[in-house]
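J.: Next come the chains, spelled out residue by residue.
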Amino acid sequence: MGSLEHANWFMRILFLSLCAIIVAGVLLAQRGREMFIRRIPGLTAIEEAVGRATEMGRPIFFSPGLDSINIVTLQALAILSYIVRLAAAQATRIIVGLRSPIVYPVAEESVREAYDAVGRPENFRPDDIRFISDEQFAYALGAVGIISREEVATNFLFGAFYAEALILTENGRALGALQVAGCPEPTQIPFFIATCDYVVIGDEYYAASAYLTREPTLTGSLVGQDICKAIVIAIIALGVGLATVFAPEKNFLLTWLGGGG
Amino acid sequence: MNPDLYILWAAAIATLGVYTILYRENPISRLFEHIFVGLSAGYLIVATWTLNLEGKWWNPMIQDKKWYWIFAPIVGALFYFIYSRRLGWLARLIMGLFFGTAAGTFFRQFFPIYSPQIYACFKPLDYQAGMGLQGVIFELVLHNWIFVIILLTVMSYFFFSIPHEGRFGRNLGRSAMLGRWFLMIAFGAMFGNTVMARISLFIGRMQFLLKDWLGSLLPWFAGRGI
Amino acid sequence: MWFSRLLQRLFPPAPTPAALYLYLALAVVGSIVIIVALHRLLGLRGRRWLIAFVTFIAGLFFGLEYFYPVHGDPGKNFLSDWIEPVSVMLTVVGAFTVGLGIYSLLQVHGRNLARRRPGWHNSLAFFLATFAMLVFGLWEHYLHLPQPPPEVVPWPKGIYEILFNGLFAPLQAATFSLLAFYIASAAYRAFRVRTGEAALMMAAAFIVMIGQVPVGAWLTSFIPADSPAAFFRLEMLGEWVLRWLNTPAQRGIIFGIAVGALAMSLRIWLSLERGTFFSEQS
Amino acid sequence: MSAPQPTTLSDRIQQIPRHYVYLLLAGVVVWQLLFPIRLPITPSVPTRGVYDAVAAVPDDKLIIITTDWDASTQAETGPQTQAVIHACFQNHKKFVIMNLQPPMGVKLAQDLAQEAAQEYGAVYGVDYANWGYKYGYENVLMAMAKNIPNAIGDDFYGKPVGELPLMQGVQDIHDIGLVVIVTGLSAMTEMWVGLIQGPYNTPLAAAYTAVMAPIYYPYLDSNQLKGMLVGAKGAAELEAMVDRPGKAVAIMNVQSWAHVLIIALIIVGNLGYLFARGRGGGRQP
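Residue numbers (my numbering), protein chains in the order written: chain A, 1 to 261; chain W, 1 to 226; chain F, 1 to 282; chain L, 1 to 285.
Okay, chain A solo, but in the shape it has when bound (with noise of 0.2 Å):
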């Protein structure tokens, strides 16, 4: 025991039952089945965030983090469709700053659709999209460069972040930016507590685009998602239970989990 090369039957059971679950609250809600959503209280301001750009009659700026085309950046682009269409209803021009050269066509055709989508398809200019660089660094240093010469207002960080961010936040708050951040690992998370106005916090990131669409996918997803950590929550419960009462040689569910070995 104790490997994990290939799944066991616990494994294979209690994986199913959580797609399952999953997909069952997707299919629910898709058929019209109401779901609540608690607040989550960095992605209310988005909407101040864009207003206060308006005011001032300058840019936002958004990146959509470093990764290339994977889970957390697809849901980036989510979330940036919504900024896109609260920007463009008030004639608010938004750049966006890209790191990934596969990012970079999906990212102008979500931002080309948004401002269709809200009928105002002349105030798109491709030349707002950019892609900056893949090096991380430089990618930084040229995202500072679009935040200082645009005199941006605000500063939208969604995405896969890393030691970067700082550089962006910090040049960003110096010249008075208001910054909204949200990423799912937990490295950047202080940096953006200790320098940005708003911060979404780990899973909250995956909540975000069900919060802001109310799209029945993406609640009912979410609603799967909780009762999934439930059970976790009840495994995890459990094995505190068994390594309590038994020895780890007796815990079968450490067995089941392919520990132990």
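Treat the hints with care, as some may be off.
Some but not every residue of chain A turned toward chain F, in silico, with C-beta under 7 Å [as the list claims (entries may be wrong)]:
1) Asn8
2) Val26
3) Ile71
4) Arg112
5) Tyr162
6) Leu166
7) Pro184
8) Pro186
9) Gly202
10) Cys228
11) Ala230
Derived EDC-like pairs (lysine to aspartate or glutamate); straight-line CA-CA distance at most 20 Å [claimed, not checked]:
12) L/Lys159 x W/Glu54
13) F/Lys76 x A/Glu5
14) L/Lys146 x L/Asp60
15) L/Lys146 x L/Glu115
Quick caveat, the hints were computed from the structure, so don't treat them as lab data. The C-beta atom is built at its ideal place from N, Cα and C for all residues, glycine as well.
Given the coordinates of chain A, work out where chains W, F and L should sit on it, guided by the hints.
T.: Below, chains W, F and L alone, put in the same frame as chain A:
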């Protein structure tokens, strides 16, 4: 040709050029920003060829005559249709392949990554045989209690579909608030832990500027044992 | 490995160089015919179905290999032998996307240069840097120098080293090191005892920071390391905060992210995702 | 943000302009580099874990040092790599260098290995080797687990790795006794844990930049990592353990005083805040 002297001076000027941004964004930092972006764009192409395509694609195709490798660039070329409105769906097709791969890779990593994280939480909350010395046990059990309480309260913060009012929700709300406090402690710890890393980087640069660069001009700096 | 045998059978290596080029040409023409045919024959629904199908199969392949029962030692199932070659193929296909970003950069800076927009000389610097790195990077690669390189390096390699070690690497390191200044100023401004949460964050940061450096150990070195109070030595306290307060909180976040990412992966894999990029009518 | 002009002392020490903070920091670092005031160093538990993991590798197995770093984090990861290499040589363990990200990593590590090899009279290809940079992330690892000579192909110098003397009998992941990840990049550990350590039980140890380390304490706790070097501190401790005090030890000394400065700034800022609030003049932001 011996490039060392040029490297030394170029590196020193580039470093100082970047540091001017600490005052504020200015023409010098802007110039180095563009050079940096240009160099990395050039290097991206060079590295893609020399480190990946040449050995993994070109050589097998041309030298080993495995002609089926020609399908790789054809499939890769589909990405470029993203710029076309009419043919854009072909780019989506190939992206679908990569999205599917990303999802599948996550599925196969799910248990190898998270399973040990889950069973490492199985901490005994009371004395049991084989735990070791009596004096250590109290400490261990206490730590385990702290561990489990923090874990559960933090997880409760990340429930989104339950309102923080009502009979069940009010307790969840309290637990979530406690979880938020523990999160703040964790973030503070991470912040504190990062300070050292960042200062290390600056020390590294100063070692270069003082010892290597200034030291090459004024021997006194080189002899300071930096 | 039956997979490579299958490849050999399906696509036998070309016998002569001339045949190779013929095969390559035929493969290109064949592929184009297939792509054009797909484009012509498939309607909107057919295309969407095909995209969903490809996504599903790709995910299924990698997922199923893990979950399908295995036998033998090391444990294998009918898909195990495919993982490595398919992964290599995907890597190679992915490498061809490099042109996308470069194209965007050339477009933006080319336009700056052509229209002499303010700051056009920066765009010129961009072009020179890109071009120099490209030319000398490849040149250096094909010099085929012996290892270790000779005392007197040829000038193309010399120039490459100046570009790489004299500019690229120092620019990277210098930019990264800016963070030392930013973190100091962020700490000074952010850590005020304004609210309970801010105070907690500050206290934790404080203990960890000082516990990590020799001066922290020195400050509390009056507490004997083997006494019960040794816990309060700053370096022990700092490690305790990281280990017992930080670890469970991190793990709580990790489990949330795991489930969130699982849900997102599922939605993509099954083409359930709605919203940007996925809703498009093409 | 644009705060009103500070007038009183308590306001002023609450709003020290950022440029002054920058100058103070640079001043302290330069001062301590040129005129150091030294303090003693004691190894921590995670650092000892790395040393013990190296010492525990059976003689017929290889150690992989994967150096996923480049010039940007060299100040921390360079001395870490160097100290790990010393630990390998001193314990007479064979090791190979490789990496999956920044191609530069293997070159910089090779320079460090050559320097150390001279000191111990070690020979390339026999006592240590360099598999070079391998493109493809998880694909490389998945392939490597099954067949090392195939997956790796050529070494740093372009020679097939199968021809190196120390690769005799090295077939797959079961011939690897320990993997030491030295990196400034996240995601590397998850990859190695998910595809190598988890499935095949290959011991893993890691050296991280200090920023990344807290994320990976859970892995230490769950024994997925045998040990961990935390930034320059870990490097300095390992340097002390292998008795080669070098760059990291010098760095840690400067660190002490830079930390004192930042802590002093935080205290001063809070004093200003508390005084102002005590007088009733505190502004809520």
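J.: None of the hints should be skipped; say for each whether it holds.
T.: Checked hints:
1. Asn8: 9 Å, violated
2. Val26: Cβ of valine 26 of chain A sits 5 Å from chain F, so the hint holds.
3. Ile71: Because about 5 Å separates isoleucine 71 of chain A from the closest Cβ in chain F, which is inside the 7 Å limit, the hint holds.
4. Arg112: Violated, because the Cβ-Cβ distance from arginine 112 of chain A to chain F comes to roughly 10 Å (cut-off 7 Å).
5. Tyr162: 10 Å, violated
6. Leu166: Holds - the Cβ of leucine 166 of chain A comes within 7 Å of chain F, reaching about 5 Å at its closest.
7. Pro184: Hint on proline 184 of chain A: holds, closest Cβ of chain F at ~5 Å, below 7 Å.
8. Pro186: 5 Å, holds
9. Gly202: 4 Å, holds
10. Cys228: 5 Å, holds
11. Ala230: 10 Å, violated
12. L/Lys159 x W/Glu54: Since the Cα atoms of lysine 159 of chain L and glutamate 54 of chain W sit roughly 16 Å apart, the hinted pair holds (cutoff 20 Å).
13. F/Lys76 x A/Glu5: 10 Å, holds
14. L/Lys146 x L/Asp60: Roughly 19 Å between the alpha carbons, so the hint for lysine 146 of chain L and aspartate 60 of chain L holds.
15. L/Lys146 x L/Glu115: Cα-Cα ~33 Å, so violated.
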